[in-house]
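**Q** Chain by chain, the residues:
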Amino acid sequence: MLETFNFRVILEYMPLFLSCFLATLWLSAAGLLGSLGVGILACGMRISRSKLLSRTAYVYIESIRSTPLLVQLFFFYFGLPSLGLRMSEATTGILALTLNSGAYMAEIIRAGVQSISHGQVEAAVSSGLNYFQRMRYVILPQAIGVTLPPMLGQAIVLVKDSALLSLISLPELTRAGQIMTSERFMPAEGFLTSAVFYLLIYYFLKWVTTWSQRRLIYLQT
Amino acid sequence: MWGIYLEQLVHSLPFFLKGLWMTIAVSGLSLIMGTVIGFIWGIIRGSRSRIAKAVIGAWVDIIRGTPFLVQIFIIFFIMPEFGIQLEAFPAAVIALTNLASCFICEIVSAGIQAVPWGQKEAATSTGLNWFQQLRYVIMPQSMRVVLPPLVGQYVLLIKDSSVVSAIGVSDVTRVGWLTVQRIPQGLLVFGLVALLYFVICYPLIQLSSILEKRMSAGYTRGKE
Chain A
1 MLETFNFRVI
11 LEYMPLFLSC
21 FLATLWLSAA
31 GLLGSLGVGI
41 LACGMRISRS
51 KLLSRTAYVY
61 IESIRSTPLL
71 VQLFFFYFGL
81 PSLGLRMSEA
91 TTGILALTLN
101 SGAYMAEIIR
111 AGVQSISHGQ
121 VEAAVSSGLN
131 YFQRMRYVIL
141 PQAIGVTLPP
151 MLGQAIVLVK
161 DSALLSLISL
171 PELTRAGQIM
181 TSERFMPAEG
191 FLTSAVFYLL
201 IYYFLKWVTT
211 WSQRRLIYLQ
221 T
Chain B
222 MWGIYLEQLV
232 HSLPFFLKGL
242 WMTIAVSGLS
252 LIMGTVIGFI
262 WGIIRGSRSR
272 IAKAVIGAWV
282 DIIRGTPFLV
292 QIFIIFFIMP
302 EFGIQLEAFP
312 AAVIALTNLA
322 SCFICEIVSA
332 GIQAVPWGQK
342 EAATSTGLNW
352 FQQLRYVIMP
362 QSMRVVLPPL
372 VGQYVLLIKD
382 SSVVSAIGVS
392 DVTRVGWLTV
402 QRIPQGLLVF
412 GLVALLYFVI
422 CYPLIQLSSI
432 LEKRMSAGYT
442 RGKE
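Order-wise, the sequence lines are chains A and B. Last residue of the first sequence: number 221 in the working numbering, and the count goes up by one each step with no gaps. Last residue of the second sequence: number 445 in the working numbering, and the count goes up by one each step with no gaps.
Hints are computed from structural coordinates only; laboratory data are not their basis. Source: prediction; values computed, not measured. Warning: the hint list may mix true and false statements.
Unchecked claim - Residues on chain A that point at chain B, a partial pick, calculated with CB under 10 Å:
| id | residue |
| --- | --- |
| 1 | Thr67 |
| 2 | Phe76 |
| 3 | Phe78 |
| 4 | Tyr137 |
| 5 | Ser162 |
| 6 | Leu164 |
| 7 | Thr174 |
| 8 | Ile201 |
Just so it is clear, CB atoms sit at the ideal spot from N, CA and C, and this is done for glycine as well.
Produce the complete structure using the sequences and hints provided.
**A** So, in structure tokens, the structure goes:
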């Protein structure tokens with residue numbers, strides 16, 4: 001039973017957990033920023049009129065969405081060195097997270113852009129706005145209201161996905177639990193502590209989601 | 222160089238197919254059980270019992286807020302402390318079933334809420350009991366909202382099943398990981414693993430988007 005649950009060891013390992021907590025935050029933030037960039041780019045390619053660009057983006061998005069992140073991670077981790085590309089674990093991890101989330105971001109942004117009624121675009125065209133101006137002043141400001149909630153949802157998924165980076169031995173929250181398991185054989189203490197830290201991030205992001213939704217509704221009225 | 226590796230890879234293809242079978246077994250079992258449990262929870266959550274709602278809601282939050290990898294480690298390592306020795310396979314199925322039921326519960330309760338309240342009142346005044354209301358009025362209508370994301374969720378869960386390789390279930394990801402130790406061509410080996418997942422997931426994603434179009438067809442036309 002769990003009556004041997006040892007809080008003192010958790011306290012002893014707290015510095016490790018805190019530094020790993022920061023690592024998880026940092027890795028997910030890097031992945032989020034990167035995936036926003038990749039997502040905007042891929043979405044722009046996907047909805048462009050050029051068939052080549054559109055097809056390329058389609059292949060990228062669908063192949064990412066149809067394969068697990070873990071396989072993509074191993075693909076880069078074991079695959080890139082055989083091409084002569086040697087990268088640190090952190091770079092590989094962020095690369096995998098970015099490319100994985102980027103595909104989902106692209107779809108989220110596309111749904112947002114397509115939710116703008118066609119009349120808006122036509123009005124913008126007849127006002128003489130070019131492609132960039134249409135995006136900047138007409139489509140994106142409206143699309144943000146539609147895309148923000150699923151984007152925050154994707155941020156939550158990203159934080160959880162970053163746990164997989166422990167499997168390529170990056171020091172982050174799940175890895176801290178693994179270290180505690182292997183050094184002291186205390187899996188309950190280790191992984192439950194990791195879970196609590198993840199829940200902290202989750203509830204914070206959930207709170208941001210409800211808060212922003214209230215804000216957005218307020219702004220629209 | 223590549224030719225030799227390719228030949229070795231072709232020779233170990235039976236292992237990959239075995240792994241694929243394991244992936245299908247784990248995710249198939251969990252999806253079936255998870256769907257049943259998820260529907261039950263979703264229906265309870267869509268009902269008006271406050272306590273049941275709060276308990277299920279809190280549990281769903283905990284499961285949605287922690288990584289699947291951590292959940293599976295907790296189940297695999299902590300169950301023995303309660304005197305339940307689990308092999309890797311049942312631990313994987315329990316963890317994935319739990320995950321599936323939580324996500325499906327969310328989808329189902331959203332679907333039930335999408336059915337207008339008047340429908341329920343009408344059903345009550347027609348004299349249908351609780352089960353009949355659910356069976357003949359609420360569920361058939363909520364299916365329109367439930368089905369497309371449900372199939373999408375199945376895809377996510379099949380992909381999540383790759384994580385069970387971390388506790389040693391010899392699914393197709395694990396086979397890839399073992400093979401890459403012998404054949405040091407990560408691109409080739411995990412390209413093959415990715416292809417095997419793609420073959421399962423891509424048709425399901427297409428099915429989900431077809432369902433979405435078909436289910437919303439009559440309704441968007443009505444609006445315009």
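**Q** Evaluate each hint against the coordinates.
**A** Comparing the hints with the structure gives:
For the restraint placing A/Thr67 at the interface with chain B, the shortest Cβ-Cβ distance is roughly 4 Å, inside the 10 Å limit, so the hint holds. A hinted interface residue such as A/Phe76 counts as satisfied when its beta carbon comes closer than 10 Å to some beta carbon of chain B; here the least separation is about 8 Å, so the hint holds. The interface hint given for A/Phe78 holds, since its Cβ lies 3 Å from the closest Cβ of chain B, which is under the 10 Å cut-off. The beta carbon of A/Tyr137 comes no nearer than 27 Å to any beta carbon in chain B, farther than 10 Å, and the hint placing it at the interface is violated.
At a threshold of 10 Å, the smallest CB-CB gap from A/Ser162 to chain B is about 8 Å, leaving the interface hint in force. This hint holds: A/Leu164 has a C-beta 6 Å from the nearest C-beta of chain B, less than the 10 Å allowed. Annotation: A/Thr174 was flagged as interfacial toward chain B, and the flag holds, the nearest CB pair being 6 Å apart, inside 10 Å. Proximity of A/Ile201 to chain B holds as hinted, the smallest CB-CB distance being about 8 Å (cut-off 10 Å).
Of the numbered hints stated above, the single one contradicted by the structure is hint 4.
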